[in-house]
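Each chain, written out:
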Amino acid sequence: MTSESCLSCEGIERYLGEEEERVHALRGVSLEVEAGSVHAVVGPSGCGKSTLLYILGLLDSPDAGRVSIESEPVLHLSDDELAHKRNRLIGFIFQFHFLMEDFTAQENVMIPMRKLGQLADAQMRDRAAELLEAVGLGDKLRRPSRHLSGGEQQRVAIARSLANDPKVILADEPTGNLDTANSERAFELLQNLVHDRGKALLLATHNPAIAEACDWIHEMKDGRITASQPRGTRSAVS
Amino acid sequence: MTPPFYIALRFLTHRKRPLLLSLSGVVFGVAIFICTQAQTQGFARYFIDSTIGSNGALVVRSRFRPRYEPLMVSAKGSKETMMGRRLYFEGITNPNEIMRVSRRFSNVVSCSPVLRGTVSARAGFENATVDLYGIDPALHARTTDILHQLIDGNFDDFRNNTSSIIIGSRLAELLQAGVGDTVQLLAPNGEYWRFTVAAIARAGIGSIDSTRVYAHARVAQALLQQPSGASMIIYKLRNPNRAPALASRFETLFQHNASSWQEREESTLQLFLTLRMSVAITVSLIILLAGFGIFNVLTMSVLAKIKEIAILRSMGYRRIDISSIFLWQGALIAAAGSLLGCSLGALMTWGVSHIPIRLRGLLYTNYFLVTWDWRHYVFATLLAILAVFIASYVPARRAAELPPVVTIRGSR
Numbered sequence: 085m086t087s088e089s090c091l092s093c094e095g096i097e098r099y100l101g102e103e104e105e106r107v108h109a110l111r112g113v114s115l116e117v118e119a120g121s122v123h124a125v126v127g128p129s130g131c132g133k134s135t136l137l138y139i140l141g142l143l144d145s146p147d148a149g150r151v152s153i154e155s156e157p158v159l160h161l162s163d164d165e166l167a168h169k170r171n172r173l174i175g176f177i178f179q180f181h182f183l184m185e186d187f188t189a190q191e192n193v194m195i196p197m198r199k200l201g202q203l204a205d206a207q208m209r210d211r212a213a214e215l216l217e218a219v220g221l222g223d224k225l226r227r228p229s230r231h232l233s234g235g236e237q238q239r240v241a242i243a244r245s246l247a248n249d250p251k252v253i254l255a256d257e258p259t260g261n262l263d264t265a266n267s268e269r270a271f272e273l274l275q276n277l278v279h280d281r282g283k284a285l286l287l288a289t290h291n292p293a294i295a296e297a298c299d300w301i302h303e304m305k306d307g308r309i310t311a312s313q314p315r316g317t318r319s320a321v322s
Numbered sequence: 005m006t007p008p009f010y011i012a013l014r015f016l017t018h019r020k021r022p023l024l025l026s027l028s029g030v031v032f033g034v035a036i037f038i039c040t041q042a043q044t045q046g047f048a049r050y051f052i053d054s055t056i057g058s059n060g061a062l063v064v065r066s067r068f069r070p071r072y073e074p075l076m077v078s079a080k081g082s083k084e085t086m087m088g089r090r091l092y093f094e095g096i097t098n099p100n101e102i103m104r105v106s107r108r109f110s111n112v113v114s115c116s117p118v119l120r121g122t123v124s125a126r127a128g129f130e131n132a133t134v135d136l137y138g139i140d141p142a143l144h145a146r147t148t149d150i151l152h153q154l155i156d157g158n159f160d161d162f163r164n165n166t167s168s169i170i171i172g173s174r175l176a177e178l179l180q181a182g183v184g185d186t187v188q189l190l191a192p193n194g195e196y197w198r199f200t201v202a203a204i205a206r207a208g209i210g211s212i213d214s215t216r217v218y219a220h221a222r223v224a225q226a227l228l229q230q231p232s233g234a235s236m237i238i239y240k241l242r243n244p245n246r247a248p249a250l251a252s253r254f255e256t257l258f259q260h261n262a263s264s265w266q267e268r269e270e271s272t273l274q275l276f277l278t279l280r281m282s283v284a285i286t287v288s289l290i291i292l293l294a295g296f297g298i299f300n301v302l303t304m305s306v307l308a309k310i311k312e313i314a315i316l317r318s319m320g321y322r323r324i325d326i327s328s329i330f331l332w333q334g335a336l337i338a339a340a341g342s343l344l345g346c347s348l349g350a351l352m353t354w355g356v357s358h359i360p361i362r363l364r365g366l367l368y369t370n371y372f373l374v375t376w377d378w379r380h381y382v383f384a385t386l387l388a389i390l391a392v393f394i395a396s397y398v399p400a401r402r403a404a405e406l407p408p409v410v411t412i413r414g415s416r
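As you go down the protein sequences, you meet chains A and B in turn. Going from the first sequence to the working numbering is simple: count from 1 and add 84. Going from the second sequence to the working numbering is simple: count from 1 and add 4.
It is worth saying that the hints were derived from the structure and are not from the lab. Note that the coordinates shown come from a computational prediction; the quantities given were computed from them, not determined experimentally.
When the alpha-carbon atoms are kept at most 27 Å apart in a straight line, the in silico DSS-like pairs for lysine-lysine are as follows:
{"#": "1", "chain 1": "B", "residue 1": "311", "chain 2": "B", "residue 2": "20"}
{"#": "2", "chain 1": "B", "residue 1": "311", "chain 2": "A", "residue 2": "169"}
{"#": "3", "chain 1": "B", "residue 1": "311", "chain 2": "A", "residue 2": "224"}
Turn these sequences into a full structure, and let the hints steer you where they fit.
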């Protein structure tokens, strides 16, 4: 990994639950994601993929370890400062798209922009339209999000994750709820965006085909990264 | 438009049934508060205006007897001292001097001396005991609302004819006497004096309208055979609310008993105040119930929007933004509810003021009495804002405290 590091973590420890239900979810996880690359985290359910993503996305705090965005340590920051980092530097895509039901596709994409407050209303509308156009939803800007199909909703979520032009995109099984055709289309879209716009994408997936198409694959088991390999150097993905 | 306000507006307008429920609570709470305050204060205001208009805001009566407390020794074991009780000489011997000095007070608009006595009245076969007020017509017209209280006859006829009187409306009914009729008043020496009714006055207060008779001061003095210039002096004040302070000042200055309208009508005013407080407590409970309704609606909204809260947090919205979304919802409900409530309150007040009611007891009225006071609207709005803020604060705080990662994990 020679290029500029967008996102990195070192020695991440995380316990979940209380008392007898306490689980050691992450055990000394270290990872580095560079700009313009797509990283996949694979592993069985419960191995800690999502927990790692939430910590790297500053939604959760580790019990130990260090997280840096653009080489700057961030875990000492206040809740408000972390929120600002999330808004400015990180785009999230969830398995169940998590759109705001009371808003249209275009308005959903504008929500992160409204928070950042750098664009005028008309500029936000134009940018949201542009992003939705890029994900093939240019004709459904004003459609309420609940009236979109699952694939369309996930594409709106992808457009929304790019709203503030973030450095890092974190995707938790972004195609887990889509059929094969839609999965391939969504991933291709993300891959192109990352390579064309120099972003870093870290995704957790169970889909071997998608993992194989990533630049790096990190295998996780029992809260540890057991192997990190660039594309083409590994025989199969579990 | 800030992002939390924008989101709050959308959340609110997309859930119409809970919105209507919350809104109706505030609207009816505010409207009922305004309407009931207008009614209770309406009757009280009418009574106060009538009593001040008839008897003045302040009355100076009998002269104090000099005190000799330093020379007196209380009976052994007696807790009562002479300090608490004052003795009087009946009447005012120098009314003109007192009026001359008191007119220098900025709060005094005008004053009028009155010679008062109780006599029997007879008209035809009807008899009644009346409260005779011997007045200077010009001064009394300036000091009281007597000109506005006339419902029949003419004040000038009274002013120009010393053998004429003005009688209260209920007394006129009792004596079956109208304008131009003769009423006889019985002097202490047993002689009947004949008077012509020049006008009939309605103060609106039963106790005045059923007993009051106005005659010229000199005639009354002769009829009552009273040597003193006046029994009392009544005052019209620029600010009647400051009457107690002025009364205290006058007592010290003139060494005469002085009583404000607040002191004079204390028991009736306390009755009105008790009624008003009772109604205010009832209506505040209604607003409190509306607050509970809003609390429930917003709490349900937080639970329903738990996923959206997590999404917003993941997109960089701060805790304060999340709580602002729910506080804004409360604020919007309070604003719209207060506005509609004030309008409905005004409409209800207008409607109530047109309800026919025949009161002939303490007060005289044919319709419900209401007061149009902007302070009722401000107070109702402030009360609604306070109730809604308290009702919104807990759900808003709860929403802000929700850890987004727990929701996101739970949705997988």
